[in-house]
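Asks: Once you have looked at the hints, place chains B and C with the ligand on chain A.
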Amino acid sequence: MYVAVKGGERAIENAHAWLAEERRGDMDIAELGIAQIREQLSLAVNRVMAEGSLYDPDLAALAIKQARGDLIEAIFLIRAYRTTLPRFGASEPVDTGAMTCDRRISATFKDLPGGQVLGPTFDYTHRLLDFKLAADGDVPEAPSREAAADSVPHVTEFLNHEGLIEEAPQEDTPPPDLTREPLETPAERALRLQALTRADEGFILGLAYSTQRGYARNHAFVGELRIGSVAVKMEIPELGFAVEIGEVTLTECETINQFKGSKTEPPQFTRGYGLVFGQTERKAISMALVDRALRWEELGEDNVGAPAQDAEFVLYHADNIQATGFLEHIKLPHYVDFQSELELVRKLRREAGVDQVQEAAE
Amino acid sequence: MTDYNFAYLDEQTKRMIRRAILKGLAIPGYQVPFASREMPMPYGWGTGGVQVSAAVLTPEDTFKVIDQGADDTTNAVSIRTFFERTAGVETTTTTCDASVIQTRHRIPEEPLSEGQILVYQVPIPEPLRFLEPRESETRKMHSLEEYGLMHVKLYEDISRHGHIATSYAYPVKVEGRYVMDPSPIPKFDNPKLGDMAAIQLFGAGREQRIYALPPYTQVVSLDFEDHPFEASKADHPCGMCGAIDSYLDELIIDDTGGRMFVCSDTDFCEARQLAGHKGKDAA
Amino acid sequence: MQAQALSGGFADPATQSAHAFRSIMEAMARPGTLHGVSGALPPAPLSRAAGAVLLTLCDTETPAYLAGGANCDAVHAWLAFHTGVPLVGPSHCRFAVGSWSALTPLSAYPIGTSEYPDRSATLIVECPELTDSGEILTGPGIRNNAALSLPEVAAFQSNHALFPLGLDFIFTCGDRLAALPRSTKVCAPMGATEVTPCM
Ligand SMILES: [Zn+2]
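Chains as they are written, first to last, in our numbering: chain A, 339 to 700; chain B, 9 to 291; chain C, 5 to 203.
Looking at chain A on its own, in the form it has when it is part of the complex (with noise of 0.2 Å):
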C-alpha cells in the first residue's frame, strides 16, 4: 500500500548534520583556522572577497571554511550576509595613481618612471609539484628593500600626453548599483564595470580568451598591472572633509587597444579597464579584454557577433551566483510540469496510434 512520504523537515535536519560532520572531516586531523585559510589560502579569499562584493578577508576566509572550499557557496554566504548590512554612505573614488603597489608591470615599455616590480607572482615559477610543502617546509625570508619613494604614474598617462590614447576625463557622476537597481539594457559603462568586477572568474576568462582567438578581437597590450593597497577616503558630513578609513588591496588593469580614427580624427589607440578586490590578476585582465570588446558601439566598431560583444548576454550571465541557483534548482522536484508533460506526450503518441499495444496491454 502506497503511503505519503512525509517527514521533510527531519530529513533536511539529517542532512545538515552529516553535512557539518562532512565539512570537518577527521577529527584525529586538526581543525583549519580562520587566520589559517585568510594567510595560507589568500588568492581563495581575494576571489571570494572580488565576487562577494564585500571586502572582509575574515568573512570570506569562514565563508570558505564554511563552504569546504567549494568557492561559488562560499561567494553565495557572502553575498547574502552582504545584503542585510545597513549602508552608511558613500566613499569617495579610490586614487589607483597612489597606489601602494606590490606588483606593477606594463607589457607596452622596457623601462618606465616605477620601474617594473616583479612582486609575489607565479607567473615563472616552474610548475614542478614541492614535495617540500607536504612536510610543512619553512619558507626562507625573502630579500627586502625599502619600498621605492617615487610616485608610480600610470603607463596610459604617457600616452595620453601625447593624445595617442582615447581621453577617460574625470566623470563625477555617481555610478549606478546593480544591488540596488534592476539591471536594464543598455547599460552605461560603469554598470557594466560593476557587472565585470562582480563576474565569475571562469565565465569572464572564457569570454576574454574568446576576443584573443577572433571572437571580436581587440588586439589589447597589457599597458599596465598594478597591485596594491589603496587609501579609502570617506567625505563625513560633520566634519566637511574625507578621512581616510582603512585600505583595500586592488588589482588594476589598463589595456591598450588597437587604434581607431577617422578622415576626421587622427588615429588613437583605446582603453580597457580591470579593477577587481585583492591580488586577483586573472581576472583583472579577462575583466579588461571583456570591457574593451562591450565597448564596440561607443567606439563605432562592427558588430560581429561575437558572444564578448553582446552586453546583454554578458551582463545577464557572468554571475555565478545567479547561474548556480538557477541551475541546481533544477534538482528541485518537477512532479507537476513533468507530470503534464507525460499526459501531453502519451496523448500525442496515442493519437499517432503508437501505443495502441502498450494501451491494450494495462
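It is worth saying that the hints were derived from the structure and are not from the lab.
These numbers were taken from a predicted model, which means no experiment stands behind them.
Don't take each hint at face value.
[What the hints assert, rightly or not] The calculated lysine-lysine pairs, modelled on DSBU-like cross-linking and capped at a C-alpha distance of 30 Å, are:
1. B/LYS148 - A/LYS669
2. B/LYS288 - B/LYS241
3. A/LYS598 - B/LYS288
4. A/LYS685 - B/LYS148
5. B/LYS148 - C/LYS189
6. B/LYS181 - C/LYS189
7. B/LYS241 - B/LYS161
8. B/LYS161 - B/LYS181
9. B/LYS181 - B/LYS241
10. A/LYS685 - B/LYS161
11. B/LYS286 - B/LYS241
12. B/LYS286 - A/LYS685
13. B/LYS161 - A/LYS669
14. A/LYS685 - B/LYS241
[Unchecked claim] A short, non-exhaustive set of chain B residues, derived as facing chain C with CB atoms under 10 Å:
15. GLU19
16. PRO36
17. PHE138
18. GLU140
19. ARG185
20. LEU209
For glycine and all other residues, C-beta sits at the position ideal for the given N, C-alpha and C.
Replies: Quick look at chains B and C with the ligand alone, frame taken from chain A:
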C-alpha cells in the same frame, strides 16, 4: 536569526518591493522590474516568492507553503521554516486557514477566498523568453502589444502535433492587454487564474520581476477558434481519495512499472480522506 | 516644531508598516474598498492615513511632490526626519500628496513609458470625505461593480484611457484610505445631474 529584521528583509528593501507590488496590481500582467536582493537561499529556489511574501506578511498572518501542491516537499519545508524563524508567523498546511500561501507550480484545488493572498515563485517571468531571448526585444514586444510570435509558435505546434504542445507555464492574456506567464503551473490550473477572489502576486527573484493579478481579473489562456484551450489532467481518479477533478501525481509503485495516481494537492487529498472518501488504492 | 518633526512616526516600523501596506495593497487590489490605517501622527495638514502611506512607501529613493497646503515647513521637517524623501516638482515625482485642487492638473505628472508603464506617479489625494458611494467603478479587482466618492469623474476617465500608462491614486481621509489604479473604469453615478458617459 533574532538579529535580522521582521521577515528578514530590511525596511528599505520591503518598501521597494511593496512599491513594485502596487504598480503590478495597477497594471495587471505587466512585469515590474525590482531590485531583487540576494537571499540566504539560492536563486531558482523561490527567492522571488520569498521576497514578495516577506513584503506582504504581518505578524498576524497564517502562512502556508506548497511545492508541487504538497506541504511536505523539502523546499516547501525549508521556506516555511525560514518564515517561522524570521517572521514568527503561524504556519498551517490547511489551505482555508492560510492568509498567505506561497506556491511553486500549483494553485490549490480548493477555491481561495477574498481574505487570501497567493504568492507564486516564478523562474522565468517572460512568456516570450523562449521565442526571443533578449529582454530588450521582449520588452518592446510587450509595449507594442506584438504577440504574433507567440501565436505562430502555438500554431506551429498544432500543425506538427495536432495540438498545442504546451502543457505547463501555458501563456495567458490578462484583461485583453498583457500576455503573461502564469509560472510553471500545469495548464489544468489555468482556469483558476481568472476571476479568483484572492490576490495573486508573482515574484521572480533572479530575473528581478514582480507582477500581479488583482482579484476578479479577466485571464484568458491563449488559443485558437479551431483549437480551443483545454485544461487537461491524467484521466484517472485519485487512488487515495477518489477525487475525479483534481490534478494528479503519477507514482511508480513497483519495479514492474505499476503506477498509481494521487492528488498533487496533499491538503485537499487528506481533507477528502478524513471526510471518508476512499480511492481504489487506499487501505 | 522640532519636537513635532521627531514624533509621530511608526513606533514599531516593521510591524506597523507591514499592516499599513496590507491596507494599501488591499485598497489598490480592490478599488472602491475602504481600509483603516494607523500608527502615524503627521503634522497638519496631513491626515493620519496620508502620513502612514508616506511612511510605508517613501524613502530616499522616491522623489515626492507636496502640493498646496501640504508643502509647509512642518511637513518638510517631518518627512525629512522619518523618510528622507527628496522633494521635487510634479514632473519628476514618484509620489505626490495634497488636496485634489492642489494636485490637479494631472498632466503635470509622469505617466510612465510604453516599455516601463510602472514609472509613473502615485497621487495621495487628501479628501474631506471618503465613502464607498458615488462614482461607479468597474475593472480588475472588482467583482461586478464598486462605488467610491471621487472628487470628479472626467480626469479619472482620461487617466484610464491612457492604460497601460497612467497615474494611480490613493485617497485618504482621517485614518481611512481607498485606491483607484489606472485600470479602473469610472462612470458617473446613476441619476447624476452632470452626464459623464462611461469610458
Ligand atoms: Zn486525492
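Asks: Now, for every hint given, state plainly whether the structure supports it.
Replies: Outcome of the hint check:
| no. | hint | result |
| --- | --- | --- |
| 1 | B/LYS148 - A/LYS669 | violated, 33 Å |
| 2 | B/LYS288 - B/LYS241 | holds, 18 Å |
| 3 | A/LYS598 - B/LYS288 | violated, 78 Å |
| 4 | A/LYS685 - B/LYS148 | violated, 36 Å |
| 5 | B/LYS148 - C/LYS189 | holds, 26 Å |
| 6 | B/LYS181 - C/LYS189 | holds, 19 Å |
| 7 | B/LYS241 - B/LYS161 | holds, 23 Å |
| 8 | B/LYS161 - B/LYS181 | holds, 15 Å |
| 9 | B/LYS181 - B/LYS241 | holds, 22 Å |
| 10 | A/LYS685 - B/LYS161 | holds, 20 Å |
| 11 | B/LYS286 - B/LYS241 | holds, 20 Å |
| 12 | B/LYS286 - A/LYS685 | holds, 28 Å |
| 13 | B/LYS161 - A/LYS669 | holds, 28 Å |
| 14 | A/LYS685 - B/LYS241 | holds, 11 Å |
| 15 | GLU19 | holds, 6 Å |
| 16 | PRO36 | holds, 5 Å |
| 17 | PHE138 | violated, 20 Å |
| 18 | GLU140 | violated, 15 Å |
| 19 | ARG185 | holds, 6 Å |
| 20 | LEU209 | holds, 9 Å |
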